[in-house]
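*Asks:* Those protein sequence lines, which keep their order, are chains A and B. The letter at position 40 of the first sequence is residue 228 when you use the numbering used here, and the numbering goes up by one with no holes. The letter at position 78 of the second sequence is residue 198 when you use the numbering used here, and the numbering goes up by one with no holes.
Hints are computed from structural coordinates only; laboratory data are not their basis. Treat each hint with caution, since some may be false.
Using 30 Å as the maximum straight-line C-alpha spacing, the simulated DSSO-like pairs for lysine-lysine come out as follows [what the hints assert, rightly or not]:
{"no.": "1", "chain 1": "A", "residue 1": "229", "chain 2": "B", "residue 2": "162"}
{"no.": "2", "chain 1": "A", "residue 1": "229", "chain 2": "B", "residue 2": "121"}
{"no.": "3", "chain 1": "A", "residue 1": "202", "chain 2": "A", "residue 2": "254"}
{"no.": "4", "chain 1": "B", "residue 1": "162", "chain 2": "B", "residue 2": "232"}
{"no.": "5", "chain 1": "B", "residue 1": "188", "chain 2": "A", "residue 2": "229"}
{"no.": "6", "chain 1": "B", "residue 1": "162", "chain 2": "A", "residue 2": "254"}
{"no.": "7", "chain 1": "B", "residue 1": "121", "chain 2": "A", "residue 2": "254"}
{"no.": "8", "chain 1": "B", "residue 1": "188", "chain 2": "B", "residue 2": "121"}
{"no.": "9", "chain 1": "A", "residue 1": "243", "chain 2": "A", "residue 2": "202"}
Ranges between beta-carbon positions, derived for each pair [said to hold, decoys possible]:
{"no.": "10", "chain 1": "A", "residue 1": "193", "chain 2": "B", "residue 2": "217", "range": "19 to 29 Å"}
{"no.": "11", "chain 1": "A", "residue 1": "208", "chain 2": "B", "residue 2": "203", "range": "19 to 29 Å"}
{"no.": "12", "chain 1": "A", "residue 1": "250", "chain 2": "B", "residue 2": "146", "range": "19 to 29 Å"}
{"no.": "13", "chain 1": "B", "residue 1": "149", "chain 2": "A", "residue 2": "191", "range": "23 to 33 Å"}
For every residue, glycine included, the Cβ atom is placed at its ideal position computed from N, Cα and C.
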Amino acid sequence: GAVVSQHPSRVICKSGTSVKIECRSLDFQATTMFWYRQFPKQSLMLMATSNEGSKATYEQGVEKDKFLINHASLTLSTLTVTSAHPEDSSFYICSAPRTSGHSGDTQYFGPGTRLTVL
Amino acid sequence: KQEVTQIPAALSVPEGENLVLNCSFTDSAIYNLQWFRQDPGKGLTSLLLIQSSQREQTSGRLNASLDKSSGRSTLYIAASQPGDSATYLCAVSGSSNTGKLIFGQGTTLQVKP
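Construct the complete structure from the given sequences, taking the supplied hints into account.
*Replies:* This is the structure:
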């Protein structure tokens with residue numbers, strides 16, 4: 189099956205620093221990728237849509253200057269949390285859609301990145 | 121605005137039982153619905169995808185149904201096993217098929233040996 193990887197899997201940083209998270213589709217190309225955030229015991233909330241070759245589109249309430257997204261190639265999207273604060277501590281998950289015949293687009297999710305801001 | 125609700129929030133059953141997880145959504149104009157499994161601290165694994173024109177999908181011991189008009193989907197797990205213990209999430213994609221998913225809060229399942 190399709191594989192999406194994320195790096196790092198876990199990061200701890202000091203308040204005020206920036207953290208970059210990578211999302212890669214390993215065996216397929218993705219012109220679009222999605223970034224989600226999941227707080228403890230809550231569901232996933234879509235943050236933004238990453239578009240290869242153009243600007244990301246952000247969901248309402250998500251600060252685009254704080255969460256910088258770059259879709260550098262058809263297999264790589266990066267999310268940079270700038271000037272991170274403790275309230276940014278969360279589980280960040282990316283996904284990439286892959287079309288599979290008559291089944292349509294199936295979303296393949298990365299393993300997630302646990303961010304802890306001290 | 122689309123809202124997805126899953127009931128129950130948590131479920132504990134003895135091994136071998138058949139069980140049903142429920143998912144409801146407020147806007148029936150969906151492109152598809154997916155069921156995912158999430159293990160603690162891990163990402164999501166896609167279990168079943170049902171297109172809006174379909175009524176059900178099956179994979180092994182899993183069967184998912186979709187009643188779009190009533191805004192409901194169920195995930196049926198037959199002969200549950202301890203390895204099925206996880207959080208199960210349903211998510212819907214809007215009719216415009218942008219790829220964005222709206223998730224329910226999940227049902228955390230524990231299957232006791």
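*Asks:* For every hint, state whether the structure bears it out.
*Replies:* Cross-check of the supplied hints:
Between residue 229(A) and residue 162(B), the direct Cα distance comes to roughly 13 Å. Compliance with the 30 Å bound is thereby established for this hinted pair. About 22 Å separates the Cα atoms of residue 229(A) and residue 121(B), which keeps this hinted pair within 30 Å; it holds. With a CA separation close to 16 Å, the supplied pair residue 202(A) and residue 254(A) stays within the 30 Å bound. Annotation: proposed proximity of residue 162(B) to residue 232(B) holds, straight-line Cα distance about 21 Å (limit 30 Å).
A hinted pair counts as satisfied when its Cα atoms are at most 30 Å apart, and residue 188(B) with residue 229(A) qualifies at roughly 28 Å. Between the alpha carbons of residue 162(B) and residue 254(A) the distance comes to roughly 25 Å, so the proposed pair stays at or under 30 Å and holds. Straight-line distance between C-alpha atoms of residue 121(B) and residue 254(A) comes to about 25 Å, which keeps the hinted pair within the 30 Å bound. Straight-line distance between C-alpha atoms of residue 188(B) and residue 121(B) comes to about 16 Å, which keeps the hinted pair within the 30 Å bound.
With a C-alpha separation of about 28 Å, the suggested pairing of residue 243(A) with residue 202(A) holds against the 30 Å cut-off. Take residue 193(A) and residue 217(B): their Cβ atoms lie about 25 Å apart, and the range 19 to 29 Å holds. In this structure the supplied range 19 to 29 Å is violated for residue 208(A) paired with residue 203(B), their Cβ-Cβ distance being about 35 Å. About 22 Å separates the C-beta atoms of residue 250(A) and residue 146(B), a value consistent with the hinted range of 19 to 29 Å.
Taken as a hint, the range 23 to 33 Å holds for the pair residue 149(B) and residue 191(A), whose Cβ atoms sit roughly 32 Å apart.
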